[in-house]
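Start from the sequences and build out the full structure, keeping to the hints where you can.
In order, the protein sequences belong to chains A and B.
When you line the first sequence up against my numbering, it's residues 420 to 719, in that order.
When you line the second sequence up against my numbering, it's residues 420 to 719, in that order.
These are calculated hints, taken from the structure and not from any lab test.
Hints may contain errors.
Any copy, or any two copies together, can satisfy a pair, since identical chains are not distinguished.
[What the hints assert, rightly or not] In silico DMTMM-like pairs for lysine to aspartate or glutamate, Cα to Cα no more than 20 Å straight-line:
1. 467 to 436
2. 658 to 525
3. 465 to 436
4. 514 to 525
Protein chains: 2
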Amino acid sequence: MFGVTILGNNSALPAYDRHPTSQVVTLNDQVFMIDCGEGTQMQLSKYKIRRSRINYIFISHLHGDHYFGLPGLITSLGLLGRENHLHIYAPEALKGIILPLLFAADAHLPYELVFHALKEEGVILDDERYSVECFAVTHRIECWGFIIREKKKPRKINKETITNYNIPATFYESLKDGQDYIAPNGDVIKNELVTIANTPGKSYAYCADTLYDEGLAQKVKNVTMLYHEATYLKDLEDKAVERFHSTSVQAGKIAALAHTKHLLIGHFSSKYESLDDFLTETKEVFPDTQLAIEGVTFFI
Amino acid sequence: MFGVTILGNNSALPAYDRHPTSQVVTLNDQVFMIDCGEGTQMQLSKYKIRRSRINYIFISHLHGDHYFGLPGLITSLGLLGRENHLHIYAPEALKGIILPLLFAADAHLPYELVFHALKEEGVILDDERYSVECFAVTHRIECWGFIIREKKKPRKINKETITNYNIPATFYESLKDGQDYIAPNGDVIKNELVTIANTPGKSYAYCADTLYDEGLAQKVKNVTMLYHEATYLKDLEDKAVERFHSTSVQAGKIAALAHTKHLLIGHFSSKYESLDDFLTETKEVFPDTQLAIEGVTFFI
Numbered sequence: 420m421f422g423v424t425i426l427g428n429n430s431a432l433p434a435y436d437r438h439p440t441s442q443v444v445t446l447n448d449q450v451f452m453i454d455c456g457e458g459t460q461m462q463l464s465k466y467k468i469r470r471s472r473i474n475y476i477f478i479s480h481l482h483g484d485h486y487f488g489l490p491g492l493i494t495s496l497g498l499l500g501r502e503n504h505l506h507i508y509a510p511e512a513l514k515g516i517i518l519p520l521l522f523a524a525d526a527h528l529p530y531e532l533v534f535h536a537l538k539e540e541g542v543i544l545d546d547e548r549y550s551v552e553c554f555a556v557t558h559r560i561e562c563w564g565f566i567i568r569e570k571k572k573p574r575k576i577n578k579e580t581i582t583n584y585n586i587p588a589t590f591y592e593s594l595k596d597g598q599d600y601i602a603p604n605g606d607v608i609k610n611e612l613v614t615i616a617n618t619p620g621k622s623y624a625y626c627a628d629t630l631y632d633e634g635l636a637q638k639v640k641n642v643t644m645l646y647h648e649a650t651y652l653k654d655l656e657d658k659a660v661e662r663f664h665s666t667s668v669q670a671g672k673i674a675a676l677a678h679t680k681h682l683l684i685g686h687f688s689s690k691y692e693s694l695d696d697f698l699t700e701t702k703e704v705f706p707d708t709q710l711a712i713e714g715v716t717f718f719i
Numbered sequence: 420m421f422g423v424t425i426l427g428n429n430s431a432l433p434a435y436d437r438h439p440t441s442q443v444v445t446l447n448d449q450v451f452m453i454d455c456g457e458g459t460q461m462q463l464s465k466y467k468i469r470r471s472r473i474n475y476i477f478i479s480h481l482h483g484d485h486y487f488g489l490p491g492l493i494t495s496l497g498l499l500g501r502e503n504h505l506h507i508y509a510p511e512a513l514k515g516i517i518l519p520l521l522f523a524a525d526a527h528l529p530y531e532l533v534f535h536a537l538k539e540e541g542v543i544l545d546d547e548r549y550s551v552e553c554f555a556v557t558h559r560i561e562c563w564g565f566i567i568r569e570k571k572k573p574r575k576i577n578k579e580t581i582t583n584y585n586i587p588a589t590f591y592e593s594l595k596d597g598q599d600y601i602a603p604n605g606d607v608i609k610n611e612l613v614t615i616a617n618t619p620g621k622s623y624a625y626c627a628d629t630l631y632d633e634g635l636a637q638k639v640k641n642v643t644m645l646y647h648e649a650t651y652l653k654d655l656e657d658k659a660v661e662r663f664h665s666t667s668v669q670a671g672k673i674a675a676l677a678h679t680k681h682l683l684i685g686h687f688s689s690k691y692e693s694l695d696d697f698l699t700e701t702k703e704v705f706p707d708t709q710l711a712i713e714g715v716t717f718f719i
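Next comes the structure, spelled out in structure tokens:
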């Protein structure tokens, strides 16, 4: 399972029951949160996402609609008795904002809060099964995008043939890496007899709040699914530039330039009650586009 | 019109679609906000309360469930183009928490944010038509309650008799103060001919989060309506003491000791899905009790 669930899809001013930005990306047993606007903890409850499974939170930038839900989430996790470390990747100033809030409340969290300051582009989290990278985007203040990449072994077990050989399950990981199996009697079982080529790992890129920037397409090149903000419809391109945001059409252009498979758009301005035109306009440039609707999980 | 509208009635952990604490008190053309838990700006939208009418916000204490909605509200008021000053009365540390958030966002509010530190009990706001007092309550950290008192002139115009006399409307305020009118020809119109005794001003006290404390009854003596927290049912009195909170029955006792007319209870623990027992238990001690239900306006 590799999917993204939308918790908030609106820009700064909440409107029409749309909430400020937050998403959770589920990759097998891991749940990553990206941004955490006000009300995110209530959205987690509403959509029945277990807070305890979130170990990593990525905050793109320090505009309130992307993190004002974080203090409440941190506090509630403490009240719920969380014990695992919670890792927060964010612009450096966040730590100095959050700690005084906890101090003023005389809060003693039963778990450790680990802040990681985003300083340069590259891999920020590297696991056997996934990696997370950050990249700079162009916004009014320091702002970061993220790419979550699934890592897959080059081979996977051929369930039809593996039962013909007496290979201990402890060796399966080595088989997935392409190794042959040598039995205790010296017989060699060639890897390709018991494995097949794996599909490549998928990837999800989150472009945060950004000005239209063709250089961005290079940074997210070939990701499976791209999330790009589309604050305004195409007729308000001037306003988008002025506010360091993008339009529907610009989001589609970046997806096309990046050769991504699927595009998800969000961060809609509270000017718009209906979102239909966002979909129509963006699809004209990039047909495989979907609206980031709250509560919906998009499979990557 | 003098009434309080409940925006959030739950304790720290949001549950069952109940929100953290916030209330707005409407007194004629003034709207005062008391506490501002996470999601308050969305609750204002939901219940169609005009944010622009709020000029004074009172924050009882710096536990997140009482003010984590404030940064979002402050920011949104800016985006909406507010120009009037916004006055915030709160424990002194709040200013040092809010300003760094605005700085990190490079936010330039189009209105002035005026912080007033709560330091001693007494009148903090004094107007011709109302006054607001603060008083200390006993909680785990510094915590304040508030009393909003309507001020009324001693007399009001007798609409049935006033038309018999030729008194200019500009003199009506003096009539309400009890003065006689002296006509240009020297005729004296005695005050009691054109006015009647006014009803006394009403008052609303908000007791914030507090341990059961009989001294509190003295501080809120004779208010028209008392809001007192009731985090737990009576069987959890030990837990209430341990956490510096009160029970249903304790809230009722304070109302009885204070000789208040009406009691409103709230700040319910997320342990409880149904609130029926809160009402039953409290009414046994103080019959004129109501549950602080979100979205409901209680007339004082």
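Going back to the hint list, which numbers does this structure go against? none
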